[in-house]
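For the sequence shown, my numbering begins at 1 and goes up steadily by one.
Just so you know, the hints here were simulated from the structure itself, not pulled from any lab data.
Predicted model, so just to flag it, every value in this text is computed and none were measured.
Positions of the beta carbon are idealized from the N, C-alpha and C atoms, including for glycine.
Please note that a few of the clues may not be correct.
[Unchecked claim] Cβ pair distances, simulated, as ranges:
no., residue 1, residue 2, range
1, R69, K306, 48 to 58 angstroms
2, S225, G139, 35 to 45 angstroms
3, I52, S78, 54 to 64 angstroms
[As the list claims (entries may be wrong)] Straight line, CA to CA, 25 angstroms or less: simulated DSS-like cross-link-like pairs of lysine-lysine:
no., residue 1, residue 2
4, K33, K76
5, K184, K149
6, K167, K205
7, K84, K279
8, K149, K33
9, K159, K302
10, K279, K113
11, K70, K84
12, K70, K118
13, K167, K331
14, K155, K324
15, K118, K302
16, K279, K344
17, K331, K306
18, K344, K302
19, K324, K184
20, K331, K215
21, K33, K118
22, K302, K155
23, K302, K324
24, K210, K149
25, K97, K54
26, K38, K54
27, K81, K33
28, K81, K70
29, K97, K167
30, K113, K306
31, K324, K113
32, K184, K159
33, K279, K306
34, K165, K335
35, K149, K97
36, K205, K81
37, K97, K81
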Amino acid sequence: MNTIKCFTIIFLSILISGCGSSNGQKKNDFSIKTNTDKGNISNNSVLNLSLINKKEHEIDSIVYSIYGRKIGANTKLSDFKLGKHAIEATVYFNETKEVCTTSITILHSESPKVYTYKIINEYPHDITSYTQGLEFHNGDLYESTGQYKFSKLRKVDFKTGNVLKNKDLPNEYFGEGITILNNKIYQLTWRENIGFIYDINSFEKTSSFKYNESKEGWGLCNNGSTIYKSDGTENIWLLNPETLTEEDHIQVYTNKGKIIGINEMEWVNGVIYSNRYQKDGVAIINPENGAVIGVIDFSPLKRLVKQHEGLDVLNGIAYNTETKTLFVTGKHWDKLFEVEIIEK
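Construct the entire structure; sequences and hints are all you get.
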């Protein structure tokens, strides 16, 4: 139970309703009634909607929608993404119309499974590295590090810790997460609203891209066709790998509420593994709807590395498809751990 609590934040959703007429004047003739519990509803439920007609207008028709997607008055939520959503009711009456809105929060129907781990190997890791991103590609380990004036992109021999290739970022950039797709390395910066693209062989920067709706750059991963980007909130953005446009997003939620601080990410067998900032653990996320389906408590690992003044949190997840094992480390850790994940 303590582990699950570590990964959940109780989210209180306030149900807000309002109406406006087609000529822009505010009215209070209608409001939307739902079967939610203080705005919250599970994704295995049926959402029931009805209209409160305060002035008893003769209504011609009502159209309900969520972000432009038409829904019925009784709608199963199993195929909807989790998180906060705005519901609209367009009410047609007396040769005019009003649009009423309210908000609901769709929660996951199940609590996350709890996983533990078995350490398979320990490898040396550069204790000066403020690890932000970690990823295997063709058996090689790539790492992005942070901090102004110390941010780097590296290719590392994970067994020895030796740096095989290194590129320093300009002093004004704070390096963040990386991912590799089609022989390109994508690297985020934190608050500079820019990401860099490198040739994987030469480490030469070939292009850059700006962020859109997301305010910051935190973590990256990909599934071979889509790049996923975190920004420190509960949102994970889906990027087109050609244009780097944020085309969609999911919101990360449990059965209790939203999970913020989504940081370094890794695509592992169809799901997303994500560090949470300042938490020595990992959330396992369903990329289709944002549900946290599992949690892994890695906090004991921090006691196995060199204890020093600059020691910081767990951060850095890489899945090696050759060994089918997970590699984890932290900021200013002197060890890289190869682990096997086990369900409790």
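Now the hints, each set against the structure:
1. R69 / K306: 48 to 58 angstroms: Distance hint for R69, K306 holds at roughly 53 angstroms.
2. S225 / G139: 35 to 45 angstroms: violated (22 angstroms)
3. I52 / S78: 54 to 64 angstroms: This hint is violated: roughly 27 angstroms between Cβ atoms.
4. K33 / K76: Given pair K33, K76 holds - Cα atoms ~16 angstroms apart, limit 25 angstroms.
5. K184 / K149: holds (24 angstroms)
6. K167 / K205: holds (10 angstroms)
7. K84 / K279: Given that 25 angstroms is the threshold and the Cα spacing comes to 24 angstroms, the pair holds.
8. K149 / K33: violated (54 angstroms)
9. K159 / K302: holds (20 angstroms)
10. K279 / K113: holds (17 angstroms)
11. K70 / K84: holds (17 angstroms)
12. K70 / K118: Distance of about 48 angstroms is beyond 25 angstroms: violated.
13. K167 / K331: OK: K167 and K331 at ~19 angstroms, within 25 angstroms.
14. K155 / K324: holds (20 angstroms)
15. K118 / K302: Measuring from Cα to Cα gives roughly 15 angstroms; hence the hint holds.
16. K279 / K344: holds (20 angstroms)
17. K331 / K306: holds (12 angstroms)
18. K344 / K302: holds (21 angstroms)
19. K324 / K184: Holds - the C-alpha atoms of K184 and K324 are around 23 angstroms apart, at most 25 angstroms.
20. K331 / K215: holds (23 angstroms)
21. K33 / K118: violated (50 angstroms)
22. K302 / K155: Within the cut-off at roughly 24 angstroms; holds.
23. K302 / K324: holds (23 angstroms)
24. K210 / K149: holds (21 angstroms)
25. K97 / K54: holds (15 angstroms)
26. K38 / K54: holds (21 angstroms)
27. K81 / K33: Satisfied, since the Cα-Cα distance of roughly 21 angstroms is no more than 25 angstroms.
28. K81 / K70: holds (15 angstroms)
29. K97 / K167: With a Cα-Cα distance of about 60 angstroms, the restraint between K97 and K167 is violated, given a limit of 25 angstroms.
30. K113 / K306: violated (31 angstroms)
31. K324 / K113: Measuring from Cα to Cα gives roughly 20 angstroms; hence the hint holds.
32. K184 / K159: holds (24 angstroms)
33. K279 / K306: holds (19 angstroms)
34. K165 / K335: holds (19 angstroms)
35. K149 / K97: Violated, at about 58 angstroms.
36. K205 / K81: Distance ~36 angstroms between K205 and K81 Cα, so the pair is violated.
37. K97 / K81: Judged against 25 angstroms, a Cα distance of about 29 angstroms means the pair is violated.
Consistency note: the structure conflicts with the earlier hints numbered 2, 3, 8, 12, 21, 29, 30, 35, 36, 37.
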